[in-house]
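Engineer: Sequence:
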Amino acid sequence: QQQTGTSPAICRKRIFNATTDARLLALDADTGKACADFGDNGVVNLRANMGEVRPHALMQTAAPLVAGNLVIVGGSVMDNGFNSGNPSGVIRAYDAVSGRLVWNFDPANPDNTAPVAEGATYPQDTPVAWATLSADLKNGLVYV
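Per UniProt numbering: the sequence shown = residues 1 to 144.
Hints listed in this document are in silico derivations from the structure and should not be mistaken for laboratory results.
Note that the structure is predicted; figures quoted are calculated from it, not measured.
Careful: at least some of the hints might be erroneous.
Simulated DEER-style distance windows between Cβ atoms [stated by the list, open to error]:
1. S84 with K33: 33 to 43 Å
2. N109 with I10: 31 to 41 Å
3. K138 with S98: 17 to 27 Å
The C-beta atom is built at its ideal place from N, Cα and C for all residues, glycine as well.
Between the sequences and the hints, there should be enough to build the whole structure, so can you do that?
Structural biologist: Listed below in structure tokens is the structure:
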């Protein structure tokens with residue numbers, strides 16, 4: 001996505017990738033290098049505020065959705081109906097330039113969309129959105 005505004009010339013075109021180990025990456029489309037102004041040197045840790053996460057229990061199985069100036073991710077957990085204590089299924093929207101969390105949507109707590117407080121954790125075992133997301137920018141909707 002072509003960025004506008006105060007973003008430096010580097011990383012004006014970005015590629016966003018969500019990894020199977022729960023990271024959101026921003027890469028310069030021209031060089032392939034991490035965008036240093038996004039998250040922590042090009043990486044947002046999607047395990048943040050999830051509490052204890054067992055190995056391979058939280059992963060990204062779909063590409064992030066770029067909608068306007070937001071990068072939106074769902075996630076997948078290894079619940080398979082056989083265990084509990086799984087990470088939240090929260091859907092999160094990050095600023096496409098800075099990587100700052102703008103809003104979150106937990107299907108089990110739909111009225112609380114403010115970014116989670118520092119040190120707080122999302123509730124475990126909530127519904128997940130592991131498939132591809134889509135958006136209707138005209139109506140301000142994200143489909144999960």
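Engineer: Next step is simple, just say for each hint if it's right about the structure.
Structural biologist: Hints, verified against the model:
1. For the pair S84 and K33, the supplied restraint of 33 to 43 Å holds, since their beta-carbon distance comes to about 41 Å.
2. For the pair N109 and I10, the supplied restraint of 31 to 41 Å holds, since their beta-carbon distance comes to about 38 Å.
3. With their beta carbons about 25 Å apart, K138 and S98 fall inside the hinted range of 17 to 27 Å.
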